Amino acid sequence: MSVISPKKPVVEMHSITKTFLDVVANNNVDLRLYEGEICALLGENGAGKTTLMNILFGYYTADSGQILVRGEKVAFSSPHDAIENGVGMVHQHFSLVPSQTVLENIVVGSFRGKFFLDTAAAKRKLLELQNRFGLHVDPDAFVWTLPVGSQQKVEILKALYRDASILILDEPTAVLAPLETKELFATLRTFAAEGRSVVFISHKLNEVMEISDRVVVLARGKVVAERKTSETSEKELANLMVGHELTKQPYSPSRKTGAPLLQVSGLTVKNDKGVVAVKDLSLTLHAGEITALAGVSGNGQKELAEVLFGFRELLQGSVMIGDQPLPFGSPKAAIESGIGRIPEDRMTTGLILDLTVEENLALENHTKFKKGWTIDYRALRRHAEKLIEDFSIKTAGPGAIARTLSGGNLQKIILARVLSASPRIIVAAQPTRGLDVGAAEYVHRRILEARDAGSAVLLISEDLDEIFMLSDRIAVMFEGVIMGMVGRREASIEQISLWMSGVKEKCA
Amino acid sequence: MRLIMTKRPPLSGWIQVLLPIGAILVTLVLSAIPILFAGGELWLSFYSLFKGALGTRYNLLETFTHAAPLTFTGLAVAFAFRAKFWNIGAEGQLLAGAIAAAWVGINAPPLPAFVLIFLICLAGFLAGGAWATIPAFLKNKLKVDDVVSSLLLNYVMWHIMGFLLFGPMQMPGSSWPRSAAIAQAAHFPVLLSRSRFHLGILLAAIAVLVVWFINSKTELGFQSRAVGANARAAAFGGINVNSVIFKTALISGGLAGMAGVGEVAGIHFHLLMDISPGFGYSGIVIAMLGRLHPVGTALSAFFFSTVIVGAQSMSRMTGVPTYIADVIQAMALLVMLIALLFTEYRIRVVRD
Ligand SMILES: Nc1ncnc2c1ncn2[C@@H]1O[C@H](COP(=O)(O)OP(=O)(O)O)[C@@H](O)[C@H]1O
Ligand SMILES: [Mg+2]
Numbered sequence: 001m002s003v004i005s006p007k008k009p010v011v012e013m014h015s016i017t018k019t020f021l022d023v024v025a026n027n028n029v030d031l032r033l034y035e036g037e038i039c040a041l042l043g044e045n046g047a048g049k050t051t052l053m054n055i056l057f058g059y060y061t062a063d064s065g066q067i068l069v070r071g072e073k074v075a076f077s078s079p080h081d082a083i084e085n086g087v088g089m090v091h092q093h094f095s096l097v098p099s100q101t102v103l104e105n106i107v108v109g110s111f112r113g114k115f116f117l118d119t120a121a122a123k124r125k126l127l128e129l130q131n132r133f134g135l136h137v138d139p140d141a142f143v144w145t146l147p148v149g150s151q152q153k154v155e156i157l158k159a160l161y162r163d164a165s166i167l168i169l170d171e172p173t174a175v176l177a178p179l180e181t182k183e184l185f186a187t188l189r190t191f192a193a194e195g196r197s198v199v200f201i202s203h204k205l206n207e208v209m210e211i212s213d214r215v216v217v218l219a220r221g222k223v224v225a226e227r228k229t230s231e232t233s234e235k236e237l238a239n240l241m242v243g244h245e246l247t248k249q250p251y252s253p254s255r256k257t258g259a260p261l262l263q264v265s266g267l268t269v270k271n272d273k274g275v276v277a278v279k280d281l282s283l284t285l286h287a288g289e290i291t292a293l294a295g296v297s298g299n300g301q302k303e304l305a306e307v308l309f310g311f312r313e314l315l316q317g318s319v320m321i322g323d324q325p326l327p328f329g330s331p332k333a334a335i336e337s338g339i340g341r342i343p344e345d346r347m348t349t350g351l352i353l354d355l356t357v358e359e360n361l362a363l364e365n366h367t368k369f370k371k372g373w374t375i376d377y378r379a380l381r382r383h384a385e386k387l388i389e390d391f392s393i394k395t396a397g398p399g400a401i402a403r404t405l406s407g408g409n410l411q412k413i414i415l416a417r418v419l420s421a422s423p424r425i426i427v428a429a430q431p432t433r434g435l436d437v438g439a440a441e442y443v444h445r446r447i448l449e450a451r452d453a454g455s456a457v458l459l460i461s462e463d464l465d466e467i468f469m470l471s472d473r474i475a476v477m478f479e480g481v482i483m484g485m486v487g488r489r490e491a492s493i494e495q496i497s498l499w500m501s502g503v504k505e506k507c508a
Numbered sequence: 001m002r003l004i005m006t007k008r009p010p011l012s013g014w015i016q017v018l019l020p021i022g023a024i025l026v027t028l029v030l031s032a033i034p035i036l037f038a039g040g041e042l043w044l045s046f047y048s049l050f051k052g053a054l055g056t057r058y059n060l061l062e063t064f065t066h067a068a069p070l071t072f073t074g075l076a077v078a079f080a081f082r083a084k085f086w087n088i089g090a091e092g093q094l095l096a097g098a099i100a101a102a103w104v105g106i107n108a109p110p111l112p113a114f115v116l117i118f119l120i121c122l123a124g125f126l127a128g129g130a131w132a133t134i135p136a137f138l139k140n141k142l143k144v145d146d147v148v149s150s151l152l153l154n155y156v157m158w159h160i161m162g163f164l165l166f167g168p169m170q171m172p173g174s175s176w177p178r179s180a181a182i183a184q185a186a187h188f189p190v191l192l193s194r195s196r197f198h199l200g201i202l203l204a205a206i207a208v209l210v211v212w213f214i215n216s217k218t219e220l221g222f223q224s225r226a227v228g229a230n231a232r233a234a235a236f237g238g239i240n241v242n243s244v245i246f247k248t249a250l251i252s253g254g255l256a257g258m259a260g261v262g263e264v265a266g267i268h269f270h271l272l273m274d275i276s277p278g279f280g281y282s283g284i285v286i287a288m289l290g291r292l293h294p295v296g297t298a299l300s301a302f303f304f305s306t307v308i309v310g311a312q313s314m315s316r317m318t319g320v321p322t323y324i325a326d327v328i329q330a331m332a333l334l335v336m337l338i339a340l341l342f343t344e345y346r347i348r349v350v351r352d
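Chains C and A, in that order, are what the protein sequence lines are.
In terms of this note's numbering, the first sequence opens at residue 1 and continues consecutively.
In terms of this note's numbering, the second sequence opens at residue 1 and continues consecutively.
Simulated from the structure, these hints should not be mistaken for laboratory data.
Worth double-checking, as some hints may not be accurate.
[Unchecked claim] Here are the simulated DSS-like cross-link-like pairs (lysine-lysine), alpha carbons at most 30 Å apart as the crow flies:
1) C:K279 / C:K386
2) C:K273 / C:K182
3) C:K368 / A:K51
4) C:K279 / C:K73
5) C:K394 / A:K217
6) C:K279 / A:K141
7) A:K247 / A:K51
8) A:K217 / C:K368
9) C:K371 / A:K247
10) A:K143 / C:K273
11) A:K143 / A:K7
Note that the structure is predicted; figures quoted are calculated from it, not measured.
Please put together the full structure from these sequences, using the hints given.
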């Protein structure tokens, strides 16, 4: 279903496959990039976009497949080779040296062979590029003093300085304010107008529609569709991205919805970069009910969850648990006020992999095992043994180091820790991401049990299958706001995907 | 060609024990090279080293005596490193402890020995601990790198000591940077006759047990292990990370301070500029070689003490300079780090 283009392909990637341990990140992917075009690579988180482009950039080596640049077969063994061949990439995480100036960062690595750097000439070349592409940053400013938006400009200038004719941008707008995004788009258009090519990675549909000439949709490591931007719509792309009909039967719905247990009102939160990530958000969770928060990751879900976990400060608004306000800056207080935490990044904030299973099981409530200054390790072990049994956690024993367990069993540790404390409110973020079918089903059953026992559950997920199976109500989050909320029985997958892509209208 | 490092599953208990022993053996073999370079006859050199450190009752007790400050500084570093509080400042904390102990020992009113000894220990512990809380505070509040701040504070304390010994604490009538003698009652009692085996060695042994107890039985031990392994997860789990770092610093610095107390009250009875030949820095190597375990740290302190004491007699017998002891210490650290690299990571060479 390739879209015919009269122009010459500058990059051809054929049957690229890349596996990480047991994850197939790219599965037999074909991708072509033409002269003078802006090609959007669209897909949910984990679809394999970054991996594919890292392969083109020489950062990873594909397990199999071929790459041709301007008709010639290439095998880049490092980004350096890619840069020599005119391929530049701006990663999501910048690779600038904060203690150096803009000019030094840009010039570093591009004057090999020469012993002395001709600063004046380098600056002239840089200023010329800045004027041509409208990328204004003071060449003598230290990088650490620059806001993220300007740092991104430096990264782009770095690629331009080395004469990149193919520019890959990995979710560049994630760190930009709307006005900066406009500027970036202008730059990209100038770049493409010179006959050069851009790969624009994103999961934001409106941006893709605005900037690209062509869209390649990636899902679960495969190319699922390719469209001319002028011949598609946000709605079609949203469906392609999610990519499938619902297959599984929903679980039984809530039998009895009880009192409101958690009330979020007017919540505004900044992310780590200081950008507002949650805007004036209000949400109520009821006892005995699962509220799903659907949406593509990176739309403020993480920040919202971190506020509820007591970790992140809020800018405005309030969170009430029953009639008590949730204290902030104290995860301990959040735990004690009855919030059960199933975090999205279970390996880094959920568990301590170098500690034992029993220590992880007691991480949030080890003070319960205190006897004076000491910890009653015998009681702690009994507690762990019981949970290992109750939750059938497969481990060599309570004293085993957590790192030795499989992903599903690590998630069971978190689940056991949370549920054994009988929390009134459970915040579960991507609770089954990366788990196999059996483990995922187990997690679902346990969450349903907790709901039926009267807990209020907030299920933050990108997986629409999961959301439709598990939830009683579905809210959709996009760019920090809730686009809409419906009961699960009334919800349609079309409506949800539309909201997920930032379109507010209601489906007919 | 690239090197790819992936973390291996954790080591089993036995390898944890065998690893440092293997590292010591490799170090001894490697130390043949500088010994030969320095013109020492190999077997005679090793013989005189071990004989000089362990061969006679007096020498053995000397080795124990020298191991005491090394055990304290080793424990100080090991305790801090376990929480990933990178305390490189045991040297300065030792000096702080020595200064405080000397000041109390010189200026205290006449008191029974056991009271006075308790007081100088307390003063030394608190002074070292307080000095170590400065980098902890800077780390917690201002995100200042603890390696740099704790290291630089060593020089600050050294100059403070210089100021005191050339000024307010200088022995009246002396032109040397040396304090007055501490009261007789403040001297650590010698526990074994015809030796310098003093109370400080017993205190070091007790400190080993106390640190072991804190690590493996108390709430602070649990929390500092969690913070060291993953501070972010610990914070999300409700642990007050700043407070754990602060308490850890206090205890770590206190242990280093005790090394200074022992040198003042058990060996020199004055405060001197060269009260420590770098015990605080050796403590880093000792803690690493001891795998941050208190018993391992004590054993590795004893090994280093053997090398340091033995090097003196080796030097007398063979003419190899005593600096060889520093070389061996440095080699032991490198060997241990390399061994850890290979046991904790799987390293593959990828050709592409
Ligand atoms: N270095 C890596 N090691 C292991 N797994 C990885 C690595 N990089 C990516 N993956 C996995 O490959 C899949 C695709 O990831 P990625 O290319 O980053 O997706 P995207 O950029 O579309 O969000 C994910 O399941 C991710 O977990
Ligand atoms: Mg990505």
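Discussion item. Please list, smallest to largest, the hint numbers that this structure does not respect.
Written reply: Violated hints (numbers, rising): 1, 3, 4 and 7; every other hint is consistent with the structure.
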